[in-house]
Amino acid sequence: MSAAAMEIESLHTLAHDVVDRIGTPRDHFEITAQLEVMGLRDTDARTLYGRRDLFELGRAIEGLVQQGAVVPQADLEDPPKKQPSFIVHYARGSMFAIPMLLQAAAILTCGYGLWGALDVDVRTGTAIALGFITSYVISGGFVQSIVRRGLFYVYQQEPALARWVVLRGWWLGARVTLGLLVPALVFNALYRLLPWDLFLIAALYYAALSLLWLNWSMIYIAASRMWLAITTAIGLGAVIVAARVLGWPAIAANAAGLAVAAIISFAAGLRALGPRSRAINPPRLTVLVYSTSRYFLYGLLYNLFVFLDRITAWTTRTGREDFPPYSFWLSARYELGLDLALVVVILLAGVVEASIQTFSSALVPVEKSLPSTERARFSAWFRAFYNRRVAVLAVCAVVAVAIARALVSAVAKVPNAQIQASLHTRTATFAFWAGAAGYALLMLALQNLLLLLTLSRVETAARAVAIALAVNAVAGFVASRAFHYSMASLGLVAGAAALFAITWRDVRRCGDALDYHYFAAF
Amino acid sequence: MNVLLTTEGTYPFSGGGVSTWCDTLIRNTPEVRYTLLPLMMNPHVELQYAPPPNVRRVLEVPMWGIEEPAEFISDIPFASLYERKQRTPVAAIESEFLPAFHAFLDAVLDCDGLSALGSRLSESTGQEMPRAESREPRASDALGMSLLRMEDYFRERDYGTTMKSRLVWDAFAARLEAYGRELAQTHPAGERCIPSLFDLTECLRWLWHFLVVLNVRAPRVAVTHTTAAAFCGIPCITAKLRHGTPMVLTEHGVYLREQNLFLSRFRRLFFAKHFLLSLITAVSRANYRFADVVAPVCHYNTRWEVAHGAPREKIEVIYNGVDPDRFTPGPRPDGPPHVVATARIDRLKDTETFLRVAARVRETHPSVRFTIFGAVTDEKYYAECVALRRQLGVDVAMGTATDDVVDAYRRADIVLLTSISEAFPFSVIEAMACGRAVVASDVGGVREALDGCGIVVRPRDVEQFAAALRRLLDDGPLRAKFAARARAKVIEQFRVDNSVAAYLDLYRRLA
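Sequences listed follow chains E and H, in order. Position 261 of the first sequence, counted from 1, bears residue number 911 in this note's numbering, the numbering being contiguous throughout. Position 107 of the second sequence, counted from 1, bears residue number 151 in this note's numbering, the numbering being contiguous throughout.
Because the hints were derived from the structure by calculation, they are not lab data. Just so it is clear, the structure is predicted and the values come from calculations on it, not from any experiment. Built from N, CA and C at the ideal position, the CB exists for glycine as well. Don't take every hint at face value.
Unchecked claim - Here chain H is said to cover these stretches of chain E; the calculated rule only asks that three of the stretch's residues, wherever they fall, bring their Cβ under 8 Å from a Cβ of chain H:
| no. | segment |
| --- | --- |
| 1 | 828-835 |
| 2 | 922-933 |
| 3 | 1019-1028 |
Assemble the whole structure, with the sequences as input and the hints as a guide.
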């Protein structure tokens, strides 16, 4: 073989070696860089391949690739990642509902919940309800902000910063929520809205539950959702022991249970956030507050939406069977109807979770499979996916309402006079049906909201909730004042329907430009 | 004199050669007041070097790990940043930003088109086609101007609102789509040149991170000095265009070459790799274009610089230097012959070859000890090396850095460097200053350092490395001769005061 022929053969061998390493090269510079780390030098390019230097050698190899004389092996695609099944998603999503389920089960079977008990009088129940609702609403913004920013650092594998931002958010949330008791106290002193014993009971539950919700945000970030159920179960255990074994009154037993649940959840959250370490160079606080403020607003509005109908119902005397002595007075009938309707939420939470997880895991593979010229197909894929998910959730909602109705029948057989007295009333029945419809619509809307949040459209989500809140307030107020207090639940139905309609439109709009919205969601 | 010194992923937040060089330069030029502008991969890293008193300010620019650049712009009140957000309507994005952005993309893709297509056509047709460098100035000028216009824009308008706007996305997608179609007609990658939606998403997100530097308001100085032909050079380029501030570029490794190597791993994402390399190529070339002096640390680097359009008359090599009063030959502790490397455990250092060489040498010289002093920077690679060490059955101490590098050299009979990529490594000239014989791979500027006083070996060539070590282990007088020559060469050519004086002279000349 002549020297020239040997040179050509060596060049081909080398070219194969290069493309095996890097696939199709972008240009000869990429090849040259590779040749250098393969140990070749300009002197080798001259002596072994007859080229002036490595750049010339790179050009020669690029030429071979261009001519098709050297063809890179087709890149093997990664095998598709095995996605968790619907059941796994469903179970994960339902984990959020387990505390509700445990609370309901404990009340029905033992007469005590983590907050509240069957044998408390309406007066005390009113105070507990007030504490519960205000804690849920006020802490909602902090919980959303903590979760949002905490997860940002968790995804970036910055555990020290995740810990820093979560604890800072927690501390700020705790100070603000507890600090708000001071103006509330002053306000009550000036206007005497509630007698002091009720005010103090409400304040106790408000403080304890606010801390519990803030602690749960820590648990959520650390991805140990099971602890939500565990802390609830242990707290409930403490309540039952305190009430049944030690004979404590219900409020004292609740206080003990909430304290236990709060301490354990805080410890579990802290442990899951990892060991204490210094957060290096954390971001400016003002910008941090600003950047999470949209999530704060969203959380605040959403949580207010969830309880607005109760507030509306319990602040009117229209149609009341009893004689409310204060401007805010619990109706056990209304509450029982809505509590039973909550079964719809418990059953559907997992379906919503499965939708969101499926969407998140499908986005990248679908994007990779579509050339940029097929942006419309990406939107079409989403529309089909979305329509399917809405249909599935709607069918599940019908089933969930049927199950909830069956549960009402089951509860009607519970040998408890108080339950019987409340359940077999028009108020409870109306509240149940309106609540079931409202919650079913709310879950459909929640699926939309979570899709919007997945695409970081938090302003859109917050705006939709704000409008729906207004609808809820107006419809509930008018109906409850004009006809019957239980018709405040129509506010929930109208608000949830509005929320679904608005977010349905918003999601479809996002879907029509999904390529853009996915890009911007980082 | 005020100097803006810009770095990327190095000083003062990471160790390594560039950081050593920066620290040495700053500490030895107390008459110069420095503003440091480090581009960081992540804002949450600790200082590895306490800035000396002549560092007036450190303007940190994290490219990743932030949601908004505003998080780290400490010199502008939040109220102004908020106002900036409100002052970024769609109309402003369309009329003020998009023209500059279009020009930027054109410059990036035009610059790429020449290098990628021109050379290919010349190869396949045999005709002389315009080389990258012949049309490079026009694209680099356009790139520089577009960067300046975008920087001006971001002084008034919000970065996040603009870069995440629908208008920018649509403009980006349309331009890259058209480019991909055009490229697909000639490039061997064919249809893979047409970007996927994922490519577009990733590319614009990367751009968001890389252009964060446009948010910095660097002070007006006498000279700017960038330590890489990279994104950290952008503030220097815009300062040159805005105020005519002279610019110095020091390249340690060649950024473009390193990025070519790094991005070669992304073979499945062909278009994304292609775009990113186009961007990096354009930015590197703009650095060469706008620098008044390109001062690489060795002649070897100039090959890449010239190939990418740096005029030879601009290039002034300034070698790295060490302090020969600190790195002195000292007594070697008693014990068997000892071969030492001072190199982190990293693929570019080719630790595997070190282990193989150790195994080969032990076959004939079983008493020789081998030690690598250096931190582990790549855990996965370290695990591979540990497995290889086990497989070879060779006892090599590795995985631990040393606080006393002089002591590490003094423990050695021979210093071995098996890197597959280097610029002008401190480890070689430090070992030379310590009067040790050096065997090193023939990469970067190593030959320039070791010529006549050490042995250079073809990279990855285990047999050649082993032969060189055996030769030196068996020939004490040769080791002594190399050691003496090496120290003399350092004193003559690679002293830190020479190096510092050359930069100071450069500053004075340009200011």
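Taking the hints in turn, this is what the structure says about them:
1. A count of 0 residues in the segment 828-835 of chain E with a Cβ less than 8 Å from any Cβ of chain H is obtained; the coverage claim is therefore unmet, three being the minimum.
2. Residue count for the segment 922-933 of chain E with a Cβ under 8 Å from a Cβ of chain H: 5. That meets the three needed, and the coverage hint holds.
3. Restraint check on the segment 1019-1028 of chain E versus chain H: 8 residues with Cβ-Cβ distances below 8 Å, three needed, restraint holds.
Checked against the numbered hints above, the structure breaks only hint 1 and satisfies the rest.
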